[in-house]
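As a plain string of letters, each chain reads:
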Amino acid sequence: MAISVTEAAKAGVPVLLQGNEAVAEGAIAAGVRFYAGYPITPSTEIAEVLSRRLPEVGGTFIQMEDEIASIAAVCGASLAGAKALTATSGPGFSLMQEMIGFASMAQIPCVIVDVMRGGPSTGLPTDPAQGDVMQARWGTHGEHSVIALVPSSVEECYTLTVEAFNLSEQYRTPVIILSDALIGHMREAVTLPHPDKLRVAERGMPDCDPDEYDTVSSTIDNILPRPPLGSPFKVHVTGLVYNRRSGAPDTADPATAADLGRYLREKIYHHRDAIVRVEEVEMDGAEVAIFAYGSVARSAMAVVKKARAQGARVGMVRPITLWPFPTAAVARMAEQVRTVIVPEMNIKQMSWEVEAAVKGRAKVVDYGRVDGELITPEEILELVKPEFYYHRWEDT
Amino acid sequence: MSALVDEQRLEAAPEDCAPPRIKPHTTAEIRRHLRTPKTLWCPGCSNGTITRALIDAVLGLAIDPEKLVVVAGIGCSGRISAYLEYSTVHTAHGRALAVATGAKAADPGLEIVVVMGDGDCAAIGGNHFIHAARRNVDLTAIVFNNSIYGMTGGQTSPTTHLGDKSTTSVYGNVEPAFDLCELAHAAGATYVARGTAWSYQQLVNVIAGGIVHKGFSMVEAMAVCPVYYGRFNLTPDPAEFLRLQKEHAVPAAKFEDETRSHERYPIGVLHHAERAEFTTGLAGLKERAREAGHA
Ligand SMILES: Cc1ncc(C[n+]2csc(CCOP(=O)(O)OP(=O)(O)O)c2C)c(N)n1
Ligand code: SF4
Ligand SMILES: [Mg+2]
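Residue numbers (this note's numbering), protein chains in the order written: chain X, 39 to 434; chain Z, 1021 to 1315.
Treat the hints as calculated values from the structure; they're not laboratory data. Hints may be right or wrong, so weigh each one.
Below, a sample of chain X positions facing chain Z; criterion: calculated Cβ distance under 7 Å [claimed, not checked]:
{"hint": "1", "residue": "A74"}
{"hint": "2", "residue": "E103"}
{"hint": "3", "residue": "A107"}
{"hint": "4", "residue": "A110"}
{"hint": "5", "residue": "L267"}
Covered stretches of chain X (chain Z as the covering partner; in silico rule of three or more C-beta atoms under 8 Å from a C-beta of chain Z) [claimed, not checked]:
{"hint": "6", "region": "85-94"}
{"hint": "7", "region": "117-128"}
{"hint": "8", "region": "271-283"}
{"hint": "9", "region": "366-376"}
The following residues of chain X were derived to be distant from chain Z, with all beta-carbon distances above 10 Å [claimed, not checked]:
{"hint": "10", "residue": "E45"}
{"hint": "11", "residue": "S108"}
{"hint": "12", "residue": "H429"}
These numbers come from a predicted model, not from an experiment. Positions of the beta carbon are idealized from the N, C-alpha and C atoms, including for glycine.
Take these sequences, add in the hints, and give me the full structure.
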C-alpha cells in the first residue's frame, strides 16, 4: 500500500496529489475536524477524501441537504469549537452567500473552498474559470471584509488551506479559497512541509472570568477568541447588529452599528500588510509585468521564462491573497513598469481593481476568456510582444 | 405514517416514557434564566408564555444552564435567543436546524433546543426540517406556530389555513396549511408533540419530554398572535384567542376524529418511538474508520 500523505510529509518524500486531495489533506493537517458539504463538480473530491479521512482522525463528515445547510452546519460546528470546512463550486457558492455574511457578522472562523467553474448558472461544470473573484469579495450583502486566497499549484492547495485556517482563527472571520477546475483536478508530485514545520493556530479561550466576559471587548490588535457554545460564558451569537462588549443585539443605536461596522472592516484591513501575500517573479528591472493569479499564473510563469531567455525584461506579480487586494504591491509595480498585463478567466474582474491601484502610472492591458479554455502562454506572449516594439522576438 | 424507506429498527417507546410532569417554578426562579425582562413582543403575544414554558421545563429537568444551547431562526419567535441566559445563537431565517445539526455533530455533549417560527421552519427552512427529522439528530425543535409571519407584519405562511386572511392573502388564502406534526412524523422525527399557549402545564410537560427524548423531537407550540393572525382572522383579543385555543385543542387520547382542522386538533404526545440517533451513528462510524485506518 502506498504511504499516506501524512507519512510522506513526515518522511519528506514526494507524493502524487490532486489539487482537491491536497486541500483535504491540508485541512487534516490544519486540525480541521468538521466538514459539511454537498457534491458539486469540480470540488467533489474534497468531500470524498474527507468523508474517509475525517472519521479516521476522530472528525465528522456530513453530507448536508444543500449548500445553504452545509455552510450553516459549518458555522454551528465552529461555534461548538471545531475547525470547520466546506467546499463547493459556483452554484453552491451562490447559495452559501447569506451564511458567509452571517459568519462575517457573527465573527465565526471557518473556511469555504470555491473550486471555480464556468458560469453563470450551471455554466461549464467541468471547465476552469475565475468568474467568482468578485463574488468572493462582494457576494454577501452589506459592508463586510473577507480574506480570499488563490492557489496556483497543488502544493499551495495544501499550504494555503492551512494558512486559511490560521487566518480565520486569528481574525475570527470566514476565509475563502478560490481554486479552479484546473488546479483542483491537476496532479503534481509534491513534497509537503513536515508537520512540525507547519504553523497551526489554535482557538484558545479568552483569559477572563465568565462574569467579566460581557465587559471586555476585542480591539483591532487583540481579537479575543470566542468561547464555545455550552460553556460557562453563555455567549450570544447573532447576525443582527450587536454591542461588541455585551454581544446583545442593538439595532436602535447608530453609534453601536458604526462601531461594529468599522471594527469588522478594520480588524482585517488594518492588518492587510500581515495578511497579504504576493509572489514577485523576475521583477528585477522588469519593464512589463503580468498580473496573474490561480491557474493563469502558471501560463504567465512560462511567458516570463521565455521572454527573459530572450532578453525581454518581463516579470510577474502573482497575488496569493486576492482579498484584501494587494494594493501596495500593485502600486510598487506601477511605479516600475510601463505596462501591466492582466490575463484572467473572466472579463475584467480583477483588471478593474488593478487599474484602480495603478492609478494611471502604467498602461493596463486586460485579456479575458470565458469559454472554459485555459489562457495559454502563447496567448499571453502575443500580448507582451507589442510592449517591446523594439525587441526582435525569435520564434518561440 | 413515516415516510422513511429504510428498515432502521423502530421500537415503540416504553410505557413509562410519558412526558415528565414538571412542577411549575416561581417567577423569581424563571427570571434567573433570562438576560433581560424586556422583550419586543406585542402585548398579548404568547411568545413570552412559550418562553416561560421552556424555562420551566429546563428547571424541572435540572439541566445545567451552562450546557444548554438555544439555536433560533429569524422571526418574532427567534428573538427568544437574546432573552435566554444560556449559550444562544440567533441564526439566519430558516437555518437554525442546519446550524444546530453542525453544532450537535461537532459536540454531541451539548443539549440543544432549536426555536423556529412556522415560516422559518416550514417555508424557508422546510428542507432542513425534513432532513433533521430524517437523520434523527438529537435536537429538540420547538416551533412557535402562530399561523402567520409575525415579524414582517402578517403575511401568509405555510401554516396559514385555507381561506384565512393575511396581508398577502387579502381575498383569503388559496393554499392548504401543513400539519407540522404530521410532516415531522412522516419525515422521521421520533418524538412529536403539540401543545398550546392556553394549556400551559401540558406544554411544559411535552417540551420536557422532547428534551429528555434521544432523537429528533418536534414540539409544535400553538401560539397566539393577536396583532396579526388574530386581527385578520379569529379575534384581536388575546384572552378570547386563548379561550378559542381551549375549544380547538383536544387531548390526544380523546381525539378520535379522522379529520383534523384548525378548529379541532389533538394536543399531547402524538408520536414517540426509538430509532438510531444521528450522532450515535457518527460515533460508531468513527470507531469503524479508526479500526480500518490502523489495520
Ligand atoms: C432570507 C430572508 N428572507 C426573508 C426575511 C424576512 N423575514 C424575517 S422573519 C420572516 C417570517 C417570520 O415568520 P415566522 O417564521 O412564522 O416567525 P414569527 O415572526 O411569526 O415568529 C421573514 C419573511 C429574512 N429575514 N431573511
Ligand atoms: S406580531 Fe404577533 S407573534 Fe409577533 S410579537 Fe406581535 S403578537 Fe407576537
Ligand atoms: Mg409565525
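Okay, the hints, checked on the actual structure:
no.	hint	verdict
1	A74	holds (6 Å)
2	E103	holds (4 Å)
3	A107	holds (4 Å)
4	A110	holds (4 Å)
5	L267	holds (4 Å)
6	85-94	holds (count 3)
7	117-128	holds (count 5)
8	271-283	holds (count 8)
9	366-376	violated (count 0)
10	E45	holds (12 Å)
11	S108	violated (8 Å)
12	H429	holds (56 Å)
Checked against the numbered hints above, the structure violates hints 9, 11; every other hint is satisfied.
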